[in-house]
Amino acid sequence: MTPNLIPGTNLPAQPFSTAGSQPRMDYIIPQWEERTSYGVRRVDPYTKLFEERIIFLGTPITDEIANAVMSQLLCLQSMDAERQVSIYLNSPGGSFTALTAIYDTMNYIKPDVQTICLGQAASAAAVILAAGAKGKRLALPNSRILIHQPSMAGDGSYGQSSDLEIQAREIMRIRSQMEQMLADNTGQSLEKVRADVERDKFLTAQEAVEYGIIDDILTSLSDTGR
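Residue 190 in numbering that gives the first Met the number 0 sits at position 191 of the sequence shown, with consecutive numbering throughout.
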């Protein structure tokens, strides 16, 4: 049986899969070969970005993703402790422990960390966006930023009443910690941040500038300083 081919090529078409009633095609990250003085190597976009000291965070922020981001931050510092590192964000957010791991590592390393929102920076990703070096926090014009109170959904609030009380106290501690992070990095009062995250608060790029989450709106690559 002859396989379906992508028109104009001899490449097999990726079969569609369905999730509910919606057809879906998995995106394949392109790879190519480059010739170096050591021979031929296979590279992908993420490798090329890393060589330019750019970390692309385009997934939900799990502990596994946090480990990858932290290792890249530490590696880039060891390669050159003076040159800026950039984190490009298009993320719906993630776990609080993953957020704090990345947040603390950004503050720990010596190089300035530039943060740039492409698309969206929601929840934990919005805190990372705000935590970039002052004057180097940017977003594209149509970016969307979301701040809200942390959720423990999926962590399993089960057990005896005393266990539930412990979990409730932990939720409040996490919320207070996140509110303080936002207040420290935006210049907003803690009281205002606390009121704003009570419900989902969506911000345009311009509103994020006014709030203090970012410093400027990015319109061309030259605005990044690269």
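It should be emphasised that the hints constitute simulated quantities derived from the structure, not laboratory data.
There may be inaccurate statements among the hints.
[Claimed, not checked] Lysine-lysine pairs mimicking DSSO-like chemistry, simulated, CA-CA at most 30 Å apart:
hint	residue 1	residue 2
1	135	191
2	47	133
3	133	200
4	109	133
5	135	109
6	191	133
7	135	200
8	47	191
[To be verified] Derived DEER-like restraints, expressed as beta-carbon distance ranges:
hint	residue 1	residue 2	range
9	51	161	30 to 36 Å
10	211	39	44 to 50 Å
11	78	220	21 to 27 Å
12	47	164	36 to 42 Å
13	39	165	54 to 60 Å
14	160	133	24 to 30 Å
15	41	67	15 to 21 Å
Here a beta-carbon is modelled for each residue, glycine too, at the ideal position from N, C-alpha and C.
Okay, the hints, checked on the actual structure:
no.: 1; hint: 135 x 191; in the structure: holds (24 Å)
no.: 2; hint: 47 x 133; in the structure: holds (26 Å)
no.: 3; hint: 133 x 200; in the structure: holds (22 Å)
no.: 4; hint: 109 x 133; in the structure: holds (14 Å)
no.: 5; hint: 135 x 109; in the structure: holds (15 Å)
no.: 6; hint: 191 x 133; in the structure: holds (21 Å)
no.: 7; hint: 135 x 200; in the structure: holds (23 Å)
no.: 8; hint: 47 x 191; in the structure: violated (41 Å)
no.: 9; hint: 51 x 161: 30 to 36 Å; in the structure: violated (52 Å)
no.: 10; hint: 211 x 39: 44 to 50 Å; in the structure: holds (48 Å)
no.: 11; hint: 78 x 220: 21 to 27 Å; in the structure: holds (22 Å)
no.: 12; hint: 47 x 164: 36 to 42 Å; in the structure: violated (50 Å)
no.: 13; hint: 39 x 165: 54 to 60 Å; in the structure: holds (56 Å)
no.: 14; hint: 160 x 133: 24 to 30 Å; in the structure: violated (45 Å)
no.: 15; hint: 41 x 67: 15 to 21 Å; in the structure: holds (19 Å)
In this structure, the hints that do not hold are numbers 8, 9, 12, 14, in rising order.
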